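Number of protein chains: 2
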Amino acid sequence: MLHTIRTSLVKGHKHCLQCLRSASTLGAQDKPDNVRHFSDNTQTRSDMAPSRTGSELAEARGNQHPGVIEPLSVKGGTQSSYMGSRRGIMSSSANSFKNIELQPIPVPEYTEDRDLDLDSDVDTFPCQNSNKTSGPEPEYDNIVSGFKTFHYDQPFALKYRKGVLPDLHLAYETWGELNEAKDNAVLIFTGLSASSHAKSHEENERPGWWEKFVGPGCAINTDQFFAICVNNLGGCYGSSGPSSINPSTGKAYGTKFPILSVEDIVRSQFLLLDHLGIDTLYASVGSSLGGMSSLCSGVLFPDRVGKVICVSSCARSHPTSIAMRYLQRKAIMMDPDWQKGHFYTTGRYPKSGMKLARELATLTYRSGPEWEERFGRKRISEDSEPSLCPHFMIENYLDYQGEMASTKLDPNTLIYISKAMDMFDLGETFGNLHSALGRVKSPTMVIGVQTDILFPVWQQRELANVLQEAGNNAVTYYELNSIYGHDTFLLDLSGVGAGIKGFLETQLTETGRTRQRKDKN
Amino acid sequence: MLHTIRTSLVKGHKHCLQCLRSASTLGAQDKPDNVRHFSDNTQTRSDMAPSRTGSELAEARGNQHPGVIEPLSVKGGTQSSYMGSRRGIMSSSANSFKNIELQPIPVPEYTEDRDLDLDSDVDTFPCQNSNKTSGPEPEYDNIVSGFKTFHYDQPFALKYRKGVLPDLHLAYETWGELNEAKDNAVLIFTGLSASSHAKSHEENERPGWWEKFVGPGCAINTDQFFAICVNNLGGCYGSSGPSSINPSTGKAYGTKFPILSVEDIVRSQFLLLDHLGIDTLYASVGSSLGGMSSLCSGVLFPDRVGKVICVSSCARSHPTSIAMRYLQRKAIMMDPDWQKGHFYTTGRYPKSGMKLARELATLTYRSGPEWEERFGRKRISEDSEPSLCPHFMIENYLDYQGEMASTKLDPNTLIYISKAMDMFDLGETFGNLHSALGRVKSPTMVIGVQTDILFPVWQQRELANVLQEAGNNAVTYYELNSIYGHDTFLLDLSGVGAGIKGFLETQLTETGRTRQRKDKN
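Chains as they are written, first to last, in the numbering used here: chain P, 26 to 546; chain B, 26 to 546.
Note that these hints are calculated values from the structure, not bench results.
Treat the hints with care, since some could be wrong.
It does not matter which identical chain is meant; a pair holds if it fits inside one copy or across any two.
For lysine to aspartate or glutamate, the following EDC-like pairs were computed, each having C-alpha atoms within a straight-line distance of at most 16 Å [to be verified]:
id	residue 1	residue 2
1	K403	D450
2	K237	D408
3	K403	E453
4	K207	D248
5	K276	E410
6	K187	E410
7	K526	E494
8	K187	D408
9	K403	E205
10	K526	D248
11	K187	E134
12	K376	E428
13	K173	E230
Every value quoted in this text rests on a predicted model; they were computed, and no experiment measured them.
Work the whole structure out from these sequences, hints included.
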């Protein structure tokens, strides 16, 4: 219980904060002489002899501070002043900084019922697992059926460490019809943790992770386009990955799986396109890792991609993003149950490491403004006193997200694919970014989100600028002010969805007189 | 080894990426009919019969994309075009998007020396502990001597849960001389993990955590001011905290320590001021948690603080900051060696949890721009192939910072004080922020940093605005563009240091004609 007192200081009395405490424990008569007195009634500053602290300070309080460095933003004061109001504090005019009405200060009071033996329940940690909260979350989820599988039965050589996979499986789903010319295919590259199930269909009616973005009349209009989505190489939703059985050994690869690159992911999907007889994509589309892949497809296969769409992504990974993914990998790898990645048949699963990793990921996927609006300082239970356990809704939310996601994705998939994202640098392969992005022959759309902390918007600006500087005269760059941070691509139909639809369906021809570009060479 | 080829497509041949692979493993004569051919020499696009994919796409490529949403920033293309240059690709004019010179695509080649049995060292994790990197890091450090101790031998009641400490120790250090009027004291409130050792002195010559900011002629000029710095209540550098012995039990408190608040931290330090006979501070100064405390001192003791300085802080904690601290606590608390906080005499220390927590903290203290400049994509070893271990300098840096900091701070101190920061909300105690900040009677300086992700700059703007709206007509607000993120306050002498010095030493009186403020009441 808080005991409220008024700030009214009597000169010469000190230990102001212990006054009431002293009064209640030592008895009012035992107040030491050097204890400040507090009165519990309303007293004005004018009742007291003010104890000033030097003319400098006194003068300082009376006037506006001119500052020494030009402030970037200082609004004029707008307060109303009180002079001698009933509860206002009135100082002498020489000392007055302003006259304000002071409310009581709550000061904790020590009484015998206070828990002096410290046997409270602070250290019992009844951390609640109830009161979970949900919201507009990604629909990434495990799928075990409802997809087709492409089997490539030859060795597949990888970019790094002379890695080779003896064969390759890719799970994929399609929507719409491939036309006779086979030129209406749109390849949807996924983020790190997504399956091929971007959209519900007859074989799997659960909503997909991009449910509202794909379909008849949608951003990717399946009345017009043949949409394809593939579970990434390295994934765990039907494609070859660390949890797959290595045909050479009959056991799960675990961390015997070779190191992956984004280029490997892209190249494997073009093998599927070959298999489907698709020579040239109408467009490649992707966000986050998918944006890297989409861009990479335009660089590696400039003649096979008609339009490139790259949302909330980058042309090369930057140290802050690497740091965020590194810490997720570390959380998993330090879990003893991870067992160097060979946990599949041990009956132990690195749940706690994976959960922390997914909570960390959630922190990087969303943003301050959304959480401010959604959670603010809301408590899990409004009447509970704080403990060392989660107290605020935001903590509960992260816990919930971590819990939900901790068993949906193979921890090794997270490790391998996040590593591939770290390694991603289109400039590395082609000498520099300009050379790499100069290869992209198709119109390219870049979308960035101002609240994204994982792929900050300056990286999208860099990407759009370098594309243009490298010679691409059909770059569409949109910068969105969505509050959803990195996850905007999963949620923002009106910004991301409309942008993609417009870019895909606009006849990219100039009507009227063709503008002539002057060749500099 | 990467085998480089030119992109030159021959219509009708597919599986382009497997071409060389097939050629090398199956023999050039065994190329299946559906394999794309690659030539290794320089071939131009005009040599080939282009396989176009519909007039729509063809047209699209030839022109500028008009867009459907007004782009925020699209620069005009600046490329130079090649027509028929030796290595350039020349398409038919109807199809030409642009004419560019394509460099070779590196395609991994499968040869027998590639490691098909997957017995590589990918899963050996020789994660390096060498090659550590250092830089302008905080000088927070453990101290065991060279400070004075204030002992308050009465029960100290805390804000939450009716918590009480039977007594109180506070470690503190001072610099400069307290003048006769005792009105030249500047109280330096610290951040979460700092000791009282802000500055070297005779009893402890090691550099302090604010070494260059405090001293003769410095930002806090000890020729003029009597600087005081206290190890926070809850700390582990001489003040009462979870690692202290509870006199009631003779054992370390551990998580029997009562829940702390920022108000408790501030009130305890004013007991020390009483002890020193300091009625009124010339100023309180603090950054981060210290900024919360400094501001809080102006709210709780408006008559005892002459000027308030609050750097990279806030008036209440926001959910993203809470989330960042929550994950640090979680990393510690899920370490089995934490043992519900009672690890002190067990011979086990939650090292790995604490290390991960400190790595996480480092992520929140620094910022993208600095890391971009300092590390970019630098490798730990330039000639190493990627593995699942750290590969980039940024990973090594975080590992190093975590390692260094993991044993310098009591994990329970981190848990308790970070919780106090989460709970901090000046509006909570006084109904709302306006009422709380309206209590501050002294000139107040607020400094924010644009790259701070832990205390984003909008929170400093909020603080400065609310102070002004609540009636403070002497608010100095500086917004710094330092690249050092939250840690700017530890590093930026020219911005933070000069600002503080100017604010402390400027005679806050108007020279010349006094401007009259119109009272609205």
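Going through the hints against the structure:
For the identical chains of this complex, K403 and D450 are inter-copy neighbours only, at 12 Å across copies versus 41 Å inside a copy, given an alpha-carbon limit of 16 Å. Neither within a single protomer nor between protomers do K237 and D408 lie at most 16 Å apart by alpha-carbon distance, with minima of 39 Å and 45 Å respectively. Proximity of K403 to E453 under the C-alpha cut-off of 16 Å is restricted to the inter-copy arrangement: shortest distance 12 Å between copies versus 46 Å within a copy. Proximity of K207 and D248 under a CA criterion of 16 Å is satisfied intra-copy only: 14 Å inside one chain copy versus 81 Å between copies.
In this assembly of identical chains, K276 and E410 lie within 16 Å of each other by CA distance neither inside one copy nor across copies; the values are 51 Å within and 25 Å between. Proximity of K187 and E410 under a CA criterion of 16 Å is satisfied inter-copy only: 10 Å between copies versus 58 Å inside one chain copy. Within a single copy, K526 and E494 get their C-alpha atoms no closer than 26 Å, and across copies no closer than 45 Å, so neither meets the 16 Å cut-off. Taking CA atoms no more than 16 Å apart as the test, K187 paired with D408 passes between copies only; the shortest distance there is 15 Å, against 60 Å inside one copy.
For the homomeric pair K403 and E205, neither the shortest alpha-carbon distance inside one copy (56 Å) nor that between copies (48 Å) is at most 16 Å. Only within a single protomer do K526 and D248 lie at most 16 Å apart by alpha-carbon distance; the minimum there is 13 Å, versus 67 Å between protomers. In this assembly of identical chains, the alpha carbons of K187 and E134 lie at most 16 Å apart only when taken from different copies (8 Å versus 70 Å within one copy). Taking the shortest Cα distances, K376 and E428 sit within 16 Å of each other inside one copy (9 Å), while across copies they are farther apart (24 Å).
Taking identical chains as interchangeable, the C-alpha atoms of K173 and E230 lie at most 16 Å apart only when both belong to the same chain, with a minimum of 15 Å there against 70 Å between chains.
Hint compliance for this structure: hints 2, 5, 7, 9 are broken, all remaining hints hold.
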